[in-house]
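**Q** Top to bottom, those sequences are chains F and C.
So the first sequence is numbered by the UniProt record's numbering: it starts at 1 and just counts up by one.
So the second sequence is numbered by the UniProt record's numbering: it starts at 1 and just counts up by one.
Just so you know, these hints were derived from the structure itself, not from any lab.
These figures come from a predicted structure and were not determined experimentally.
Glycine included, each C-beta is placed from N, C-alpha and C at the ideal position.
Any given hint could turn out to be false.
What the hints assert, rightly or not - Computed beta-carbon distance windows for the label pairs:
| id | chain 1 | residue 1 | chain 2 | residue 2 | range |
| --- | --- | --- | --- | --- | --- |
| 1 | C | VAL324 | F | THR269 | 49 to 57 Å |
| 2 | F | ARG190 | C | SER63 | 42 to 50 Å |
| 3 | F | ARG47 | C | ASN183 | 52 to 60 Å |
| 4 | F | GLY129 | C | ARG142 | 39 to 47 Å |
| 5 | C | ALA156 | F | PHE163 | 31 to 39 Å |
| 6 | C | ASN70 | F | PRO63 | 54 to 62 Å |
| 7 | F | PRO251 | C | VAL324 | 30 to 38 Å |
| 8 | C | LEU223 | F | ARG26 | 19 to 27 Å |
| 9 | C | LEU177 | F | PRO252 | 53 to 61 Å |
| 10 | C | LEU223 | F | PRO63 | 58 to 66 Å |
| 11 | C | SER290 | F | THR54 | 25 to 33 Å |
| 12 | C | ARG10 | F | PRO43 | 55 to 63 Å |
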Amino acid sequence: MSSSVAGTVSPTRQAMRRMRRDRSARVGLVVVALLIVIAAAAPLLVRLAGQDATTYHIDLLDPARGNAPRGAIGGASGTHWFGVEPLTGRDLFSIVVLGLRTSLFIAVVVTLITTVVGTLAGISAAYFGGWYDAVLSRLLDFLFGFPQLVFMIALGIVVPARFPRWLLLILVLSFFGWAGLARLIRNQARSLVAREFVEAARSVGSSGWMVITRELLPNLLGPVLVVATLAIPGYIGAEAALSFLGVGVPPPTPSLGRSISDSIAWVYTGADPWFLLFPGAMLFLAVLGFTLLGDGVRDVFDVRLRRTN
Amino acid sequence: MPDLVWFLIRRLFGALLVMLALSLAVYLIFYAIPADPAHLACGKPCTPDRLEQARHFMQLDQSTLQQYLNFLKGIVAGRTFGDGTAAVHCNAPCFGYSFPLARPVTTLITDRLPITASIALGAAVLWLLFGVSLGVIAALNRGRILDRLAVGVALAGVSTPSFLLGLLAILVFGFWLNMVPVNGYVPLTESPVDWAWHLVTPWIVLAILQAASYIRLTRSQMLEELNLDYITTARAKGAGEARVVLTHGLRGVLVPVITLFGLDLGGLLGGAILTEKVFSMQGLGDLLISAVGQLDVAVVVGVTLFSAFLIILANLVVDIVHGVLDPRVSHG
Chain F
1 MSSSVAGTVS
11 PTRQAMRRMR
21 RDRSARVGLV
31 VVALLIVIAA
41 AAPLLVRLAG
51 QDATTYHIDL
61 LDPARGNAPR
71 GAIGGASGTH
81 WFGVEPLTGR
91 DLFSIVVLGL
101 RTSLFIAVVV
111 TLITTVVGTL
121 AGISAAYFGG
131 WYDAVLSRLL
141 DFLFGFPQLV
151 FMIALGIVVP
161 ARFPRWLLLI
171 LVLSFFGWAG
181 LARLIRNQAR
191 SLVAREFVEA
201 ARSVGSSGWM
211 VITRELLPNL
221 LGPVLVVATL
231 AIPGYIGAEA
241 ALSFLGVGVP
251 PPTPSLGRSI
261 SDSIAWVYTG
271 ADPWFLLFPG
281 AMLFLAVLGF
291 TLLGDGVRDV
301 FDVRLRRTN
Chain C
1 MPDLVWFLIR
11 RLFGALLVML
21 ALSLAVYLIF
31 YAIPADPAHL
41 ACGKPCTPDR
51 LEQARHFMQL
61 DQSTLQQYLN
71 FLKGIVAGRT
81 FGDGTAAVHC
91 NAPCFGYSFP
101 LARPVTTLIT
111 DRLPITASIA
121 LGAAVLWLLF
131 GVSLGVIAAL
141 NRGRILDRLA
151 VGVALAGVST
161 PSFLLGLLAI
171 LVFGFWLNMV
181 PVNGYVPLTE
191 SPVDWAWHLV
201 TPWIVLAILQ
211 AASYIRLTRS
221 QMLEELNLDY
231 ITTARAKGAG
241 EARVVLTHGL
251 RGVLVPVITL
261 FGLDLGGLLG
271 GAILTEKVFS
281 MQGLGDLLIS
291 AVGQLDVAVV
301 VGVTLFSAFL
311 IILANLVVDI
321 VHGVLDPRVS
331 HG
């Protein structure tokens, strides 16, 4: 009796129900929602604080301590909520929230691109099979074992200086990012292709495109959503890493990774650890929030994902 | 063992093909660029005559295909630029010649490689140990405090970028507690103790982060393994718990762990590059980043291909170990 009742509840409804019961997924959802609001409203928040990310406040620095900010907690005050940047005295709160905006923007765009490309590549490989599948699988193996970070750094030399770096960053991250999803979707779709309903759709004369979009895609939405959510923290980290190495978002656009890189000298000497801690905490929160949410989504859809085959 | 021999030959041949395809792709991408290496080398004032000379000397006046073949030949047999007294030799394996630095790329790489390799290898050993043992402990104490702790470490590890954790470690252990050196690299040949002492923090930082996915994998794999029939059989035959877990259970865990390790090799190199920057060590990453800044194409191409070859070879080794551990792979 109870099973027939459960059968009438739609899978989406069931998923939402499980989501509400999962504590860490709820925490992740709240953190992510908060971060998205902060990132979206960043320019507004900065104006609300009465600051911007570019004005120098030399008067707030202490020349006796190598131009570290005066006062405790990196010079935090009612006007500069997170204190100021050492050496320049720029408002750290503005830099952190605008940096978060940069990070999330790049991560979300890359996730959208890689999800679309990866899903299409994976499904088509499973559906058409043959040499197309063989070539694609080899390509995926190849992209997987590749020292991606080295290549991402190296590509900086190929692209002319006037080409916008944020766009390059998105293209490079996308180029390497779609492989993981494509492989997973290919493997999942292959087992679907052999099922009766796909056979039935084919036998009534549905075109390949129809089978892919009407039969295969709806059955793969769960895994796609899970992988996409779990991919976002990876891209946030990757963007930060490239900016940290000095080959990501160029100044003056605020970037969490670059701020953390700038803080190295102040960490070695212990002169201003807060310059690391504020951007670092924001980056950590962003990655953690999306990871928790992704784990939650995975449990909700009950998808078993293993990195090994 | 003819099966295993065939397996080895097949894999070796496959790896060579991939290297060849990769080198061609990299060469085409990087030599299609607007920045002309000859232009940078020719100095100021750069007359058309001198530019032509520089191009000829650097062998840039030949066709792209010819240049690529020269490059391949250099790796196998070395090459010489120019002739007479002005000739510049680049001994095999020659991964190109950096005219701005006036040194063969291979020498530049071998100068820096020990730093990056020290970080990467030490960290890999540590994380495999950490990851597998914590994963086994978590599986055996399923649901108890140790399990929750291990799963928590795994989550924190997945969520922390390596450079962030590295800087936090410097702040806490290097600066506040003053326990470990905060930066710098000491060659192994100079003083093995100082070498290890300077690398302890980078190793642990990188290992903790990467260990996370190994904890997760080992835990779930071990839980699955312990439910299989042959484990029950082993127990029924009176094998002790330690023997059941360590000899029988662990064998099933090792194969997926090695597969994962093969996939992580590229990431290992990336992690080492980030870590060397955090700890101010001038390794391969530093060489590459400054070459990009100075538009030194030869170094960029050389380092990129060299690291790609390294990963392909390391993957080959992982494949072979995999084949030996799990006979199904080589026979299949």
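**Q** Please go over all the hints and tell whether each is borne out by the structure.
**A** Hints, one by one, checked against the model:
Take VAL324 (chain C) and THR269 (chain F): their Cβ atoms lie about 50 Å apart, and the range 49 to 57 Å holds. Take ARG190 (chain F) and SER63 (chain C): their Cβ atoms lie about 44 Å apart, and the range 42 to 50 Å holds. Range check, ARG47 (chain F) to ASN183 (chain C): Cβ separation about 39 Å, and the 52 to 60 Å hint is violated. Evaluation of the 39 to 47 Å hint for GLY129 (chain F) and ARG142 (chain C) yields a pass: the beta carbon distance comes to about 41 Å.
Checked against the given bound of 31 to 39 Å, the beta carbons of ALA156 (chain C) and PHE163 (chain F), roughly 37 Å apart, stay inside it. Between ASN70 (chain C) and PRO63 (chain F), the C-beta spacing of about 56 Å keeps the proposed range 54 to 62 Å intact. Here the CB-CB span from PRO251 (chain F) to VAL324 (chain C) is close to 51 Å, at odds with the stated 30 to 38 Å. Roughly 26 Å separates the CB atoms of LEU223 (chain C) and ARG26 (chain F), a value that falls within the hinted 19 to 27 Å.
Here the CB-CB span from LEU177 (chain C) to PRO252 (chain F) is close to 36 Å, at odds with the stated 53 to 61 Å. Here the CB-CB span from LEU223 (chain C) to PRO63 (chain F) is close to 60 Å, well matched to the stated 58 to 66 Å. With their beta carbons about 28 Å apart, SER290 (chain C) and THR54 (chain F) fall inside the hinted range of 25 to 33 Å. Range check, ARG10 (chain C) to PRO43 (chain F): Cβ separation about 58 Å, and the 55 to 63 Å hint holds.
Violated hints for the displayed structure, listed by number in ascending order: 3, 7, 9.
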